[in-house]
Amino acid sequence: MFRTAAPVRRAEPDGAAPVLPRLVRAARYAPGAAAAPYVPDPELEAFYAELGAPYGLRFDREGYAASARRSSVELAFGALDALGDLDAGQAPQLVVAAYATPDFVHAELVASCVKGRLPGGPLAFALSDQGPLTGFSALRVAVEYARRRDFTRVLLLTVDQSTQPFPVPEAAAAHTDSAVALLVEWDGGGAPVRGMGQGPAAQPDTFAGWDPAVPVVAGARLAEAACQLPSYEAPVAVAAPGLPCTGVWTALLEAVGRGVTGPVVVADHDPGPGRLAHCTLDCARTRVTGRKGNTDDGSGRGA
Amino acid sequence: MTSIVAVSSSLPDTIPIARFQRELGLTDVQLRRYQRFYGLSEVCRAPEATETELLLRAAAKLVELRGQEQRVKYVLQARTMASPLPYPMTSLGPLLAELGLEHATAFVVAHHACASGLLAVDMAGTLLAADPDPDALALVLTGEKARTGKTQSIPDVTVMGEGTAAVLVSADRTGRDRMLGYAARTHPRFGADFIMGDAAAKDFQDLYGPGLTEVIGAALDEAGCTLGELALVLPHNVNRLSWIGVCKELGLPLERVFLDLVPHTGHCFCADPFINLQHASELGRLRPGDRYLMTSVGLGATFAAMVLEH
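Sequence order for the protein chains is A and B.
Counted from 1, the first sequence has number 235 at position 235 by this note's numbering; the numbering is strictly sequential.
Position in the second sequence counted from 1, then plus 1000, gives you this note's numbering.
With the rest of the complex left out, here is chain A (with noise of 0.2 Å):
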């Protein structure tokens, strides 16, 4: 059970130097095999009647039936085996399951579901509804959470889920299911976090704490940002387009598999609202985990 007194803001330490966040492990789960036959349900067909009718969107069965269909929790649990057994003493105190893709399955909740495969009873939350920035939020909120509850361990699990009921505008789809999950250890104690921030992007204090020195992991769209960047360096990796929540971390994955190290600055571009998230995570001891037995989509990324 979580169970908290309320949160008392601290009187920063002098001198009390900022804390990276440090990936531990981290893997993705890209299944690639064909989708089952379709077997039309009427009563789940009918309910997507009548979720779309108000907003003058009818079941796309055609586009439903051609895809994979794979619910969030499965993607999930995939990410999660994928990042190899997890005892009582490595376990995270706390779960977050981000997406900007809803599953099709209305009857499942991931963060419900993972807490239930997780020893330990974890305070296990979503969020959603910030397109892809919405990991960032969920890291953010993990790791205050952290410096909040003298936690040490969190795992953000983003998920991009490819099947949806109604036709989706190319900009914001997921081409394919991609789950991926980090398993982020937290030393720092009450220490202020470092090198974290998300604002308008004309803003500049969206951009403290980011350090020009550091390599960059580019989000599929941060090219597009309507500002000058901390860093003048292209960036070590960017994300393929069509993984609207996990393509920067399936892009900071390969790099950490390439052998990029140490601290590392992710960062992501939303251009409808013109906004803008960037964090830093220590990479230095990542390990990039595969998943067990079958592997993901081939592209190496997440194996």
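Read the hints as simulated data drawn from the structure, not as lab findings.
For glycine and all other residues, C-beta sits at the position ideal for the given N, C-alpha and C.
Keep in mind that the hints are not guaranteed to be accurate.
Unchecked claim - DMTMM-like mimics (lysine to aspartate or glutamate), calculated; alpha carbons at most 20 Å apart, straight line:
#1 B:1248 <-> B:1260
#2 B:1150 <-> A:45
#3 B:1150 <-> A:43
#4 B:1150 <-> B:1048
#5 B:1248 <-> B:1214
#6 B:1061 <-> B:1102
#7 B:1202 <-> B:1249
#8 B:1202 <-> B:1156
#9 B:1150 <-> A:41
#10 B:1248 <-> B:1206
#11 B:1150 <-> A:50
#12 B:1061 <-> B:1282
Said to hold, decoys possible - Computed footprint of chain B on chain A, listed as stretches where at least three residues anywhere in the stretch have a Cβ under 8 Å from a Cβ of chain B:
#13 42-55
#14 137-144
Unchecked claim - Listing some non-contacts, in silico: residues in chain B with all C-beta distances to chain A over 12 Å:
#15 1013
#16 1027
#17 1028
#18 1029
#19 1033
#20 1039
#21 1067
#22 1069
#23 1176
#24 1227
#25 1241
#26 1254
#27 1259
#28 1282
#29 1289
Position chain B against the provided structure of chain A, taking the given hints into account.
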């Protein structure tokens, strides 16, 4: 310390639940049970309004927000249904634009279902306590549409209403209602049963009293307060009957549970405790210094309780 600076709510017009009998699939006997024993005679609904419009109605009444928009750093929409809108629709974009809050970090808090509202208040307090600006505020928005057959009711439990609430949160202890303790437990065996079958419903029913009692006890412990010291309990408005059972289990007099709105609102997703706070305050049911408890239970299944001081 997290405090609620102000709360506002919006209740659409009420509609007798008898009018939904066919949609809800209720027999005459079941309808009478809802009316007589569950205390659910009407629900508040606005069939013409979207989720965005319903939330705006509550936020528009939050007079304390006016002129303070630039202080609002976070907007948290607490949601019961994980995905009620066709992607990529979201209420947050239009809400931020309408309220002059486009500078704020905004996202949906979910997967504690109807208990997500209390989580959002705790999360807002967590973010604000860490914010460099001591005057920063957060806006928590709650309430949803009861649009589809599956979201109109929880069979044999309640009928959903479309009341909404807006809550302005601060990390400054001088706010009108100070948070003292919070507890939440998610029971993951219900994680894949957000829409419950018979077996899960029976299991959930058996867990309901003990689950609620457990988090209420933990929140009271964290607050350093006893049940006897509570002036009022502001519950989720699922029905009157379940509160009679929980009160027996807790040893709490039923009159200390604010059930005034149950017959008129139905269960308004995450918004119930906050709607109740606004109405109980307005009715003078809370005096300065009173300690009270807000509680919610979410399918999936999360039990939560929060102790505050008025």
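Exercise for the section: Please name the hints from earlier in the document that this structure breaks, with their numbers sorted from lowest to highest. Expected result: Hint check: nothing fails, all pass.
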